[in-house]
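Residue numbers (our numbering), protein chains in the order written: chain B, 30 to 402; chain L, 30 to 402; chain Z, 30 to 402; chain V, 30 to 402.
Honestly, the hints are just simulated from the structure, not real lab data.
Since the list gives no way to pick out one identical chain from another, each pair is judged satisfied if it fits inside one copy or across any two copies.
Keeping only pairs whose Cα atoms sit at most 27 Å apart, straight-line, the calculated BS3-like set for lysine-lysine is:
#, residue 1, residue 2
1, K321, K128
2, K204, K220
3, K287, K194
4, K198, K223
5, K352, K298
6, K353, K321
7, K287, K195
There are 4 protein chains.
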Amino acid sequence: MPANTFGHTFRLTTFGESHGPAVGGVIDNCPAGMEINMDFIQRELDRRRPGLSKIVSQRKERDRVEFLSGIFEGKTTGAPIGFLVGNENQRPQDYEHLKNIFRPSHADYTWYKKYGIRDFMGGGRPSARETVSRVVGGSVAKLLLMKEKVTVHAYTSQVGEIILKKNYKELDLEKIYDNPVRCPDKTISGKMEKRIMDVRKEGDTIGGIITGVIMNVPAGLGEPVFDKLQADLAKAMMSIPAAKGFDYGMGFDGAGKKGSEVNDMFYLKKNGKVETMHASSLHTKSINLRTKTNYSGGIQGGISNGEDIYFRVAFKPVSTIMKKQKTVNIYGEEVEFSGEGRHDPCVLPRAVAVVEAMGALVIADHLLMQRKS
Amino acid sequence: MPANTFGHTFRLTTFGESHGPAVGGVIDNCPAGMEINMDFIQRELDRRRPGLSKIVSQRKERDRVEFLSGIFEGKTTGAPIGFLVGNENQRPQDYEHLKNIFRPSHADYTWYKKYGIRDFMGGGRPSARETVSRVVGGSVAKLLLMKEKVTVHAYTSQVGEIILKKNYKELDLEKIYDNPVRCPDKTISGKMEKRIMDVRKEGDTIGGIITGVIMNVPAGLGEPVFDKLQADLAKAMMSIPAAKGFDYGMGFDGAGKKGSEVNDMFYLKKNGKVETMHASSLHTKSINLRTKTNYSGGIQGGISNGEDIYFRVAFKPVSTIMKKQKTVNIYGEEVEFSGEGRHDPCVLPRAVAVVEAMGALVIADHLLMQRKS
Amino acid sequence: MPANTFGHTFRLTTFGESHGPAVGGVIDNCPAGMEINMDFIQRELDRRRPGLSKIVSQRKERDRVEFLSGIFEGKTTGAPIGFLVGNENQRPQDYEHLKNIFRPSHADYTWYKKYGIRDFMGGGRPSARETVSRVVGGSVAKLLLMKEKVTVHAYTSQVGEIILKKNYKELDLEKIYDNPVRCPDKTISGKMEKRIMDVRKEGDTIGGIITGVIMNVPAGLGEPVFDKLQADLAKAMMSIPAAKGFDYGMGFDGAGKKGSEVNDMFYLKKNGKVETMHASSLHTKSINLRTKTNYSGGIQGGISNGEDIYFRVAFKPVSTIMKKQKTVNIYGEEVEFSGEGRHDPCVLPRAVAVVEAMGALVIADHLLMQRKS
Amino acid sequence: MPANTFGHTFRLTTFGESHGPAVGGVIDNCPAGMEINMDFIQRELDRRRPGLSKIVSQRKERDRVEFLSGIFEGKTTGAPIGFLVGNENQRPQDYEHLKNIFRPSHADYTWYKKYGIRDFMGGGRPSARETVSRVVGGSVAKLLLMKEKVTVHAYTSQVGEIILKKNYKELDLEKIYDNPVRCPDKTISGKMEKRIMDVRKEGDTIGGIITGVIMNVPAGLGEPVFDKLQADLAKAMMSIPAAKGFDYGMGFDGAGKKGSEVNDMFYLKKNGKVETMHASSLHTKSINLRTKTNYSGGIQGGISNGEDIYFRVAFKPVSTIMKKQKTVNIYGEEVEFSGEGRHDPCVLPRAVAVVEAMGALVIADHLLMQRKS
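Go ahead and model the full structure; you've got the sequences and the hints to work with.
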């Protein structure tokens with residue numbers, strides 16, 4: 030039911046279409062007394078902004094968030110945080126030619142079957158424009174996580190056949206946003222950028238993979254059995270437009286492995302004081318372990334173990350291409366059409382900020398849930 | 030919060046540990062007047078039963094479901110359906126040697142950090158035993174789906190390096206349960222069985238992949254934006270113990286593709302009556318389209334389009350191996366141990382029924398949600 | 030958790046404080062294709078508007094709703110409906126004298142204990158200003174109910190010791206908004222108005238009772254056992270600021286009655302076609318009954334029976350009085366203060382529209398829930 | 030949707046009908062490590078047990094709870110607590126004469142209109158038998174509250190025209206269960222008992238009022254704006270079979286009052302250390318106030334203020350009377366019938382334990398919600 034609400038405790042409700050006056054949302058259950066750093070939030074929004082480079086769509090929209098409630102003298106009050114981001118650059122004429130057709134691999138047909146309505150301008154609600162609200166929600170979640178020293182990073186690790194082979198530990202995650210493809214390896218990011226430019230020239234689009242890394246998550250987050258941490262992460266990522274796959278830790282590679290190869294051995298945390306424990310003192314939770322390897326990806330039995338959480342999200346190529354395609358219109362006639370207007374040849378540069386936002390929302394949500402017990 | 034409840038409308042709440050007297054659950058919001066075929070439900074339960082072959086653990090437990098409410102004279106009444114499945118074959122001594130240690134890649138440590146409690150016998154709640162309740166819930170969901178001719182199948186498509194290359198359309202899905210590995214291809218299933226027997230002999234375990242296929246789903250199921258059909262499927266699958274990855278349609282392969290290669294072209298459904306549509310008649314939803322290809326995997330914009338929904342779930346190798354492993358005990362001491370008792374060398378043969386159950390729960394849930402609009 | 034969200038299926042999420050730039054909300058799961066009559070919605074908002082008469086506070090605020098999403102060419106699209114109502118007339122200086130004190134019987138102290146924060150201007154979120162968003166949500170719910178011919182009325186039936194003794198059936202409910210106290214009986218409303226003017230002159234305030242009547246609700250709405258129709262109505266009404274009591278049907282009077290006095294006898298609905306029913310045809314739901322009396326208040330076993338639903342909501346006198354009161358400030362010192370600025374001497378004239386809104390939200394919510402089964 | 034689930038965080042899901050093998054439920058999100066006192070829980074169950082005296086129905090059923098999960102070595106583990114209470118004394122023949130009729134003021138007709146099903150034996154799910162599960166859930170909630178010294182009491186304060194005029198502070202709440210009507214005043218309870226015996230002889234039934242008192246609730250519980258503490262209490266109480274009204278604090282009496290009469294003046298808590306507070310130290314929540322009067326009933330702005338929470342619940346007379354009544358059967362024919370079998374002449378003696386249980390569930394739920402912030 031709560032289709033436009035995400036989260037169990039730290040909850041984000043969003044609204045807004047690409048062609049309406051604004052997108053926005055409500056953040057509920059954010060703890061009181063938290064400082065809201067507006068510069069940080071604006072930076073997050075800028076990171077998903079198009080118009081910054083040649084490889085993303087040329088719209089010059091500027092995303093400025095306006096907070097309407099829940100913040101007083103720069104701090105959260107415990108009341109719901111309502112916010113808006115205006116849609117400044119609508120061009121209805123860009124969508125006129127799509128008014129009567131069902132675009133291949135878009136939501137036009139399914140939306141019509143579900144609601145019996147054509148809301149044709151820019152795809153309406155299913156447009157990637159709705160992810161703006163996710164980034165606002167995610168940026169507030171990140172502010173919450175900062176107090177716990179939890180960091181959330183994502184980067185482009187594959188574009189078409191260009192694959193970043195380095196592990197996240199071999200990369201400098203502070204350099205992710207140094208280039209337009211959001212890949213922290215300079216050589217690979219250059220290749221990716223060229224690949225995207227090439228498909229754009231062809232009037233085509235291309236898919237890819239984003240890798241996410243969440244560090245310093247305290248052990249104990251995740252709710253068995255249905256709200257396992259990886260289950261909520263998977264849902265979060267698979268709700269992003271164009272996402273086709275999710276895995277974490279050893280992921281799909283684990284299918285080919287033997288238990289003896291991928292079990293993560295525990296050892297006592299360095300400098301970790303161990304008190305002699307009696308049966309009766311088990312509640313102290315005083316033992317802190319680490320694992321020598323991390324095939325588990327920081328989650329065991331649905332609960333974080335304190336190691337890095339890392340995961341991958343696969344994205345399909347954008348469905349809007351500039352090449353001629355055949356389809357059917359609302360009168361049941363076969364028609365030909367080709368994309369017009371401003372469209373991204375690759376969703377990944379923009380989606381990196383969204384993956385981070387969704388990751389932050391999930392961890393903030395589970396952090397608040399765990400506090401209650 | 031509702032960590033032990035799954036679903037928005039068709040809801041399953043489960044309880045029970047491996048070593049308690051029973052596992053069970055409550056199915057809520059199942060429509061009234063639906064016939065409950067007990068033989069069908071028992072067959073579903075048998076399909077996840079161990080003890081049926083050499084490749085799964087040798088426990089001879091028998092799973093018999095007892096319904097306690099919500100059914101009257103063989104039909105659902107609209108009241109919640111409570112059910113139990115007894116745990117008949119508990120052997121606490123099997124777990125005695127684990128009492129004080131944190132098993133690698135198990136939930137022992139994370140559970141302890143979360144709850145401050147050691148519930149050592151058989152892993153307690155995180156045990157795969159809880160999936161019995163999922164299969165009962167899923168079987169009732171399947172009965173609901175049958176009335177709509179929706180079918181839900183899953184099968185083992187990879188065990189270690191043994192990969193079933195055939196597409197689900199090239200397979201006879203009625204043969205899935207003909208063999209103990211739940212792979213409908215006789216040659217490949219034989220290889221998989223041998224592979225599992227081999228790792229068992231080594232005292233080791235092995236991972237794999239299960240493919241799921243859901244057919245005849247009516248167009249229009251799925252709730253944008255956060256409860257997209259693929260998002261709920263991903264959460265469902267990733268909540269299964271040992272699952273490490275999920276993708277659907279072209280999945281991770283889509284990352285390497287161009288839009289022109291994978292857009293699914295629409296055509297008018299054969300024998301589909303098309304009425305001339307005016308703007309005002311758009312509510313008729315009278316156009317029925319199909320796609321020539323199905324890279325989308327039956328879902329576009331988070332909503333089903335009437336094509337087959339297919340997906341993959343990756344499973345890691347079982348963490349309990351019979352080989353010696355080092356770990357740390359609850360006193361902070363390094364210790365050596367090896368697995369004892371009855372354990373599966375590969376989780377997939379058992380997990381196939383669970384994947385089907387979770388798939389059925391998601392589709393039944395979205396079917397009821399869609400009916401309301 | 031979803032403290033700022035109301036409803037199971039037809040869901041309203043609200044945000045906004047009295048002194049912020051705007052209040053607003055998001056309506057989720059409103060069916061697609063529904064016409065939005067803006068004049069109707071504005072009329073509903075006007076009905077809770079202060080500044081219209083001498084008996085409510087003299088603020089000249091104008092409440093204009095702006096819809097930001099979910100509506101296209103005058104109809105709902107199925108996407109969430111975001112809306113704003115600006116706060117045009119903020120006067121922070123009115124609250125300066127309250128900055129450091131805990132006002133008696135207000136939320137100042139409890140809010141501070143809960144959130145550790147003083148958000149002093151106008152009471153912040155707990156202000157009655159938040160009910161604007163309820164009225165917007167309720168007006169959309171009313172539009173949905175109109176299609177089913179369901180009507181929702183409320184009126185002031187008691188102010189202090191002035192009691193309207195007539196039953197709702199003896200009143201012309203179309204005249205409720207003809208006078209500022211929202212009481213459809215001309216004589217009584219005059220007395221009530223005078224009573225309110227008198228307490229205002231004294232610098233005092235006064236309580237009262239609002240009666241609600243919901244007609245033409247189809248039989249079958251309400252979800253046993255915890256979401257009974259009366260339980261959801263009770264929660265809705267008791268969530269309105271200043272509400273102290275709720276009863277429905279015979280209500281508190283039923284405590285003194287015998288079963289033989291208040292059982293509602295069934296009879297066959299006039300002109301109701303009765304088909305001969307076999308056991309197997311029980312699913313036809315073809316029998317339509319009515320009751321001779323309606324002590325039940327239109328709900329039996331938590332489910333509507335097709336008769337009128339009627340209920341009462343008791344409101345306490347407004348806590349802000351112009352008389353001197355003693356209290357404690359945030360430094361723990363005893364202080365004296367008296368109310369300043371614009372405040373209502375009686376909450377009822379304004380609350381009538383809010384009671385209607387909450388009633389409409391509950392019935393719309395249950396209507397959508399019932400459709401699914 | 031979650032019609033058989035109560036609570037946001039501390040959640041109770043129930044199932045079971047009067048004539049099935051058992052009723053039961055699942056308690057979710059109960060904190061780990063809590064001792065489960067079985068004697069206490071059994072005592073709570075006994076308190077709602079019929080067959081103990083002449084004034085309640087003569088069935089000799091014994092209610093014994095069996096916990097199936099979530100408890101290990103006498104303590105909660107954090108896993109869901111499944112439980113059963115067997116129905117030992119079913120007499121289907123008692124209901125045979127009701128098979129085809131719609132009993133006045135019962136749920137027969139509404140249930141039939143909702144589900145299209147007649148589940149005639151003993152009223153099925155809407156039977157008061159389902160409240161057994163509430164008492165089990167409530168008793169676990171009480172164990173949780175005991176650790177915080179919160180107490181929950183309820184008692185019969187009115188039966189028909191017999192009214193207990195004393196305030197709860199004038200009563201010894203430890204004596205509530207000393208007599209069968211659950212009224213702590215010996216003189217009044219005698220009169221109530223006689224009144225119930227008298228209506229029973231007449232073949233009639235009688236209504237009444239139960240008063241609830243919850244003490245030592247910490248300030249700060251309750252979630253604005255829709256999940257106000259009084260809103261959740263109202264929903265909880267109005268979900269109890271036969272409840273017709275709820276009020277708290279000054280309640281309906283407040284309708285006749287002026288603000289100057291009922292505002293609760295604050296004073297500094299005795300022996301309460303007050304630290305000098307600076308603006309920056311407001312987060313310390315270090316001031317503790319009390320109120321001289323308590324017209325507010327312990328809740329202000331939807332949040333507890335630390336004073337006693339007290340409320341009333343009105344119950345109608347039981348609908349099953351032994352006198353002849355006319356009604357309509359499922360064939361649309363007018364018929365006469367009279368009640369048979371074992372039925373209570375007054376629901377209050379049994380309902381007292383249920384009111385306590387629901388009150389405990391609400392406070393435990395809000396306690397856990399508050400801990401998270």
